[in-house]
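Enquirer: Okay, here's what each chain looks like letter by letter:
Protein chains: 2
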Amino acid sequence: MDAAEFRRRGKEMVDFVADYQENIEHRRVYPDVEPGYLRSMIPSEAPLEPESYEDVLRDVDRVIMPGVTHWLSPHFYAYYANSTSFPSILADLLSSGIGTIGFTWAANPACSELETVMLDWLGKMLQLPEDFLSETQGQGGGVIQGTASEATLMALLSARLKTVKCVQESDPQRSEADIISKLIAYTSEEAHSSVEKASIIGGVVIRMVPTDEHFSVRAETLEKMVAEDKATGYIPFFFCATLGTTPCCAFDKIDELGPICNAENIWMHIDAAYAGCAFICPEFRPLLNGVEFADSFSINPNKFLLVGFDCFYFFLPLHLFSTSLSPHLSSDSQHWGIPMARRFRSLKLWFVFRMYGLRGLQAFIRKHVELAKTFENLVRGDNNFEICAEVVMGLVCFRLKGSDELNKALLKQITRTGKIYLVPCKLRGRFVLRFVVCGRTTELRHIQEAWKHITELSSELLQNLFDHEGKEN
Amino acid sequence: MDAAEFRRRGKEMVDFVADYQENIEHRRVYPDVEPGYLRSMIPSEAPLEPESYEDVLRDVDRVIMPGVTHWLSPHFYAYYANSTSFPSILADLLSSGIGTIGFTWAANPACSELETVMLDWLGKMLQLPEDFLSETQGQGGGVIQGTASEATLMALLSARLKTVKCVQESDPQRSEADIISKLIAYTSEEAHSSVEKASIIGGVVIRMVPTDEHFSVRAETLEKMVAEDKATGYIPFFFCATLGTTPCCAFDKIDELGPICNAENIWMHIDAAYAGCAFICPEFRPLLNGVEFADSFSINPNKFLLVGFDCFYFFLPLHLFSTSLSPHLSSDSQHWGIPMARRFRSLKLWFVFRMYGLRGLQAFIRKHVELAKTFENLVRGDNNFEICAEVVMGLVCFRLKGSDELNKALLKQITRTGKIYLVPCKLRGRFVLRFVVCGRTTELRHIQEAWKHITELSSELLQNLFDHEGKEN
Chain B
1411 MDAAEFRRRG
1421 KEMVDFVADY
1431 QENIEHRRVY
1441 PDVEPGYLRS
1451 MIPSEAPLEP
1461 ESYEDVLRDV
1471 DRVIMPGVTH
1481 WLSPHFYAYY
1491 ANSTSFPSIL
1501 ADLLSSGIGT
1511 IGFTWAANPA
1521 CSELETVMLD
1531 WLGKMLQLPE
1541 DFLSETQGQG
1551 GGVIQGTASE
1561 ATLMALLSAR
1571 LKTVKCVQES
1581 DPQRSEADII
1591 SKLIAYTSEE
1601 AHSSVEKASI
1611 IGGVVIRMVP
1621 TDEHFSVRAE
1631 TLEKMVAEDK
1641 ATGYIPFFFC
1651 ATLGTTPCCA
1661 FDKIDELGPI
1671 CNAENIWMHI
1681 DAAYAGCAFI
1691 CPEFRPLLNG
1701 VEFADSFSIN
1711 PNKFLLVGFD
1721 CFYFFLPLHL
1731 FSTSLSPHLS
1741 SDSQHWGIPM
1751 ARRFRSLKLW
1761 FVFRMYGLRG
1771 LQAFIRKHVE
1781 LAKTFENLVR
1791 GDNNFEICAE
1801 VVMGLVCFRL
1811 KGSDELNKAL
1821 LKQITRTGKI
1831 YLVPCKLRGR
1841 FVLRFVVCGR
1851 TTELRHIQEA
1861 WKHITELSSE
1871 LLQNLFDHEG
1881 KEN
Chain W
1411 MDAAEFRRRG
1421 KEMVDFVADY
1431 QENIEHRRVY
1441 PDVEPGYLRS
1451 MIPSEAPLEP
1461 ESYEDVLRDV
1471 DRVIMPGVTH
1481 WLSPHFYAYY
1491 ANSTSFPSIL
1501 ADLLSSGIGT
1511 IGFTWAANPA
1521 CSELETVMLD
1531 WLGKMLQLPE
1541 DFLSETQGQG
1551 GGVIQGTASE
1561 ATLMALLSAR
1571 LKTVKCVQES
1581 DPQRSEADII
1591 SKLIAYTSEE
1601 AHSSVEKASI
1611 IGGVVIRMVP
1621 TDEHFSVRAE
1631 TLEKMVAEDK
1641 ATGYIPFFFC
1651 ATLGTTPCCA
1661 FDKIDELGPI
1671 CNAENIWMHI
1681 DAAYAGCAFI
1691 CPEFRPLLNG
1701 VEFADSFSIN
1711 PNKFLLVGFD
1721 CFYFFLPLHL
1731 FSTSLSPHLS
1741 SDSQHWGIPM
1751 ARRFRSLKLW
1761 FVFRMYGLRG
1771 LQAFIRKHVE
1781 LAKTFENLVR
1791 GDNNFEICAE
1801 VVMGLVCFRL
1811 KGSDELNKAL
1821 LKQITRTGKI
1831 YLVPCKLRGR
1841 FVLRFVVCGR
1851 TTELRHIQEA
1861 WKHITELSSE
1871 LLQNLFDHEG
1881 KEN
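Read top to bottom, the protein sequences are chains B and W. Under the numbering used here, the first residue of the first sequence is numbered 1411, with each subsequent residue one higher. Under the numbering used here, the first residue of the second sequence is numbered 1411, with each subsequent residue one higher.
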């Protein structure tokens, strides 16, 4: 394919994407395929000779689309969103077209430098303390990682390194392996599984901290556990706080946890993957109070800031740069994460921040929160249902009053019909449905339709249950 | 930006990318900017209100382009390539447009399944042993990672887990921490720094294995080190072999190393990031003989297979799935790497494999190798220069006969003039220039021009040196 053909095919692809997104709500959001559906639909080997582009594109419709879960559909209410937008897609196209790879400054100065400045832009939008910004000293501050898992792992490894160094300073005979075997990390029982995974990779013990009635980790609980563990010879070194947990969007009380971590020399990392984006709105910013005690902080703009996946922010305050995995105080991004090389991802941020402006981004977040409140009210207005956790942002946790089996049956029906897509969670051992307002194009009518669909399915279920019980009596 | 505007802007961006690539050879390949150049060119905060798209695009030309190292330029001979292609860019655009995120099968069945089949396609192109393919059992085989660093880390962590389990089976009282403190990993002194980084993250000791006169690790050297370390109580558990080292594209002798690793219960991982792609050509495949002894194998299609960054293949033979980090024998890609979520990267492979066909990809590789041979001959024909390592694929290591200072001065001149871009390496302590044929559009004339440029600069240097020495005598 030469440049002339690329011009033609590229424009067709732009239309293909625009058509896809404009008509996405008419597609079944959750695909009707069985595991293994794809293999039999395509050859088992690569072709020897080139095929035509028409054939490839035809197969996108024939083979791919029937198996896609449509994350950008307004009927998608699962996980947290991939809140991409057209400016983000354009920036990604530009990034692919330039095809540059950043890992040292020289490998692509523009890539290294734009990233640093964009992280400062976001840091200011979030009103982060000054030492989380790089402009103050001209380097450092934040870096883009691929995913939350990488950010959490980087934080844990940096904390491990810092603690080993610190212990060896007062006890030079003690081996690294011996120190690591005594390290202990903490995170909420409600935290994402990637925190536990990071501890497994880092080879350290982790304890899950129980939460209060709002699913938040509180100071006294952590304090007690730290004291216990110190008494038995462990070295508490890392606490991963969550702002906006995956199951129910709960918030650990970082303003009371931070001082304890600081006093105990425990690295406090804040995982604010989803909810962190909303802190650009002044009304949500108080939830981030206490960040000044944190050693690192990460958020995920592709969940709530109109930036396409994959793009994750990881901030370290300046004084901690030297304790991170980085062997040098350098602006070379290769030392800042697990992968050394990186796409030119900051272009996405630059395009999106400029094309929406801070006010546009705030409006987007507020609209989602408002739609979630609408859904919450619909649930509260129906006596068959209950709300299971406080609705703070775009997530509503709800269930049918009754058994887990009943709720599982409801979710099964929802998934089977494929009109909307939800995933469940467990809260205090109970099976709960999660409804997350995700889409850039989700409107009030979609929320109303979704609720109507849910209540119709649940009425059927309850009617069947009633008939069945009637028969049994 | 609505869909209608996206159609217009997207088509403009396609033309922008096509123009960029068509005219790229007229740009200065290495930018003429100083560190920190960008910050003063853009505002220090995000705008409050939306800006116009025209302004953003204008700034791409004004702010970004002057700071870009043009990886896709035919004058780019540094690192190993990002060998992207137009079909890869189209597939990436489609991936951004669908905006789906894969981590479980349900999150996007098409993403999970296409990836598995594409890895089988590649596995067959490489003639991997059957147990590296997933079709034999219907699951497993390979997975796409972001980068080599992630693949190496995954291999090392899997090996660590396997060895700890194995030791504890015969000695249940021994703690994990104690075992890990005795683990020892090996890799070539010529290996990529990401191997050492993986060992730091994994908390294990690593030893660098000396190489023979061809910069290859040989069986007897490794055997001796393993015996020494076992004698002092260490547990050898991991060897990362390299096929195509970063400095000079050397090849460890895996056919003689594999049996030792197998006998000693050492996990052999093969990092074939760059050179691995060439094994789709029968004439290079013998270099991969011995892969049947390997526990894992990774290659990087974005270095040599016309697939845009980031896209890295990681293969495990089937019987090792259960010893990998994966807690379940599952097809959920979240358990297969550090990050849980992933873009729909396999579309790139599907588009590229089909639009080029196996023969097209082989032709691309052979053309690069031939151009490298041409450059080698030019160097060999000039008495002032010497070739520093065997030229097997697209990399030529060469230097001026004379001091390191002389060669450093030459590279400095090359970088300063910015017409071509090379990076150096150290071979046996000597400063050497690396010339890698990288570009999809690199032709014979570019190679000839590059050589002419190098010899002109070196003549000047040598003349100056001669004059200077003349004066001193």
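Incorrect hints may appear among the rest.
The list treats identical chains as one, so a pair stands whether inside a single copy or across any two.
Here are the simulated lysine-lysine pairs, DSS-like style, with alpha carbons at most 25 angstroms apart [to be verified]:
| id | residue 1 | residue 2 |
| --- | --- | --- |
| 1 | 1421 | 1818 |
| 2 | 1663 | 1421 |
| 3 | 1818 | 1829 |
| 4 | 1592 | 1572 |
| 5 | 1818 | 1592 |
| 6 | 1575 | 1592 |
| 7 | 1663 | 1836 |
| 8 | 1811 | 1862 |
| 9 | 1783 | 1572 |
| 10 | 1811 | 1836 |
| 11 | 1640 | 1829 |
| 12 | 1534 | 1634 |
| 13 | 1783 | 1811 |
| 14 | 1811 | 1575 |
I should point out that these hints are in silico values taken from the structure, not numbers from a laboratory.
Enquirer: Next, verify each hint and record whether it holds.
Expert: Hints, verified against the model:
no., hint, in the structure
1, 1421 / 1818, "neither (45 angstroms within a copy, 46 angstroms between copies)"
2, 1663 / 1421, "neither (50 angstroms within a copy, 48 angstroms between copies)"
3, 1818 / 1829, "within (17 angstroms within a copy, 65 angstroms between copies)"
4, 1592 / 1572, "both (14 angstroms within a copy, 22 angstroms between copies)"
5, 1818 / 1592, "neither (42 angstroms within a copy, 48 angstroms between copies)"
6, 1575 / 1592, "both (14 angstroms within a copy, 20 angstroms between copies)"
7, 1663 / 1836, "within (21 angstroms within a copy, 52 angstroms between copies)"
8, 1811 / 1862, "within (17 angstroms within a copy, 80 angstroms between copies)"
9, 1783 / 1572, "neither (43 angstroms within a copy, 49 angstroms between copies)"
10, 1811 / 1836, "within (15 angstroms within a copy, 70 angstroms between copies)"
11, 1640 / 1829, "neither (52 angstroms within a copy, 61 angstroms between copies)"
12, 1534 / 1634, "neither (35 angstroms within a copy, 57 angstroms between copies)"
13, 1783 / 1811, "within (20 angstroms within a copy, 74 angstroms between copies)"
14, 1811 / 1575, "neither (53 angstroms within a copy, 45 angstroms between copies)"
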